[in-house]
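Residue numbers (the working numbering), protein chains in the order written: chain A, 1 to 301; chain B, 1001 to 1325.
The reader is advised that the hints may include incorrect statements.
Here's a subset of chain A near chain B, in silico, CB distances under 7 Å, partners left out [stated by the list, open to error]: (1) 4; (2) 11; (3) 47.
Note that these hints are calculated values from the structure, not bench results.
Since this is a predicted model, take the numbers as computed values, not measurements.
Yeah, the Cβ is synthetic: ideal placement off N, Cα and C, and Gly gets one too.
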Amino acid sequence: MPWLLAAELRKIVRPLVWGTALAIVAFCLLITWGAAHNAHAGLASPRIPDVCARAATAQCRQVIAHSHAAARAAALATSKLTQPGEVGQVAAGMLASLPGLLLISMIAGGHWGGEWGSRTIRQLLCREGRRGRVLLAKWLSTWIAGVATLAACYLVLAVAAPLIAASAGLPAAHSGLFAGLGSSVADAGRAAVVLGLFAAVGTAAGTIGRGQLATMAITAGSMLLALLVAGIASIGRLSPASFVQAWMGFGPVGYLPTNFWSRFISSGQNLGQLAGLIGIAATAAVAVGIARWRFAADVTA
Amino acid sequence: MPLPSRGGSPANRCLLSLSGMNVISCARLTKRFGGTVAVSELDLEVGRGQVYGFLGPNGAGKTTTIRMLLGLIGPTSGQIRLLGRPMPDPQAVRLTGSMIEEPAFYPWLTGSQNLQVSTWSGGARGGREVSRVLNATGLSEVADRKVRTYSQGMRQRLGLAVAMLGRPPLMIIDEPTNGLDPPGIREIRGLLGELASDGTTVFMSSHLLAEVEQVCDRVAVIVRGRLVEEGPPARLGTARRRVRVRVAETDAESAFRLLSRWALQAGSRTRDGEFVVEHDSGRDVNAALAAGGVIAESVTVELPRLEDRFMEIVGEDAHAVAAGG
């Protein structure tokens, strides 16, 4: 198994995966840059009702003071979130939500579905005929690529985010360099579990789609469908997207979003973190079952 | 009986070679795809150390059979034993070097890296083994080039190199000389000969019948999923040896009369004094002519080519004779 995994990791280092991982990191940087500048703009010109802009009543003065305080608090929160210790929450949240799903879909498509498209699957199975091991190696290598991207994203943000915040003119956060590191590490750990779920879905999708594009589409499509279902009040709690939401503890986001997930789930699904984890494990188990069943069929590529 | 691991010790390999078993054994092997029967009741026995040719027109079921042998698809009914083990058996497949149709590789990796990945996928470290097969297939100089820059001939060699990794006791290869130029074909022929002399059993399908005739000890012909002929290439089919006789034009009529006791083949030309007689012995033909007072200018015994015998066997499917199937 270690050699098989080594082979899979050697294969996964390919332009498609590099390119997608770099795009995800660049997206995180852009989001941070945009958030920092939006927060600064909000600080410079807080939202004041038109009526108060012209009238200088005591009530309006109170509203204006409140708006300034809110803008300053939002800017400070954004500044705090861009600190090296805290910014891991952004990286973890991104990789455990739609950007991470996109990344895993691309990897699963190229790395697993592509084995059928390029007909290398038959060579692979002639070298290692234990199909369960092949599935395990594919899942592990896809997951490792996802976690490596998460780590890279965190590292890049840890260096770049404070500079972006400073260049945007955000107020100093006055927190230690590594304050909030615990939260970041905890979020990263939880995100690794979600990446494991995405990788399991991608591995199952490969055995169904048996081609690069089909695997990408099935991986992304199935989770997007879950996200839609999560918004339905009657059954939303049973959607894998709700499990992810509960496990990650995604909530409302500020200028700097810590996920691209919760905003798509319109109704709140109040699951606990443990229920979320159990749901994720159950969903992954279903994906594994489907993968094993589908992969036992003839390979005619 | 324990099987040797890939690249196993000589003792282990010896253990395998001493067994005297059939390396490939199929009994009543059948594969249906829906209502279509791809392979029907196929019985095959391939002994150790043989170079075994597997022939058939397009769509005859050759590749389907090879895929079943390698466990890529399951038979609808029947049994397969590979290296003495009932299939499906991943370990037996791992000990079998294989190349199916056009070999496929990871284009973003070099030739050497592709071999390394294949070695690792098989659970071995590789290293020297990669260098050995690169040398054996003449790819050492291009080993560090990305595979996407390889010509078809290079890819074919790389496919063979992958199949040779770990010195497998059995190699199952589909069209090994596809895309190779004549010197390349000659090299591969030599390579297969070397493998066979080392005790490696080679099971190959090919549409280059002249190559098969030169390389293979035994040949099986499959048509529409059924085995129709099996045996050494020289004994395949019913086509007989032929004797080509040339006589002086003035003796042509007499020669025709004397030779008509044997089946004269189409193409015999009384006018030119050239006759083709279906008979094993040139001596008999010459003696008959001499007894009738005709002295032949030349008497040549011709062995029918495998291609002729193959065309005779596949009959109405002959139009489809080509690669693949």
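Hints, verified against the model:
no.: 1; hint: 4; result: 6 Å, holds
no.: 2; hint: 11; result: 6 Å, holds
no.: 3; hint: 47; result: 51 Å, violated
Going down the numbered hints, you'll see the structure goes against just number 3.
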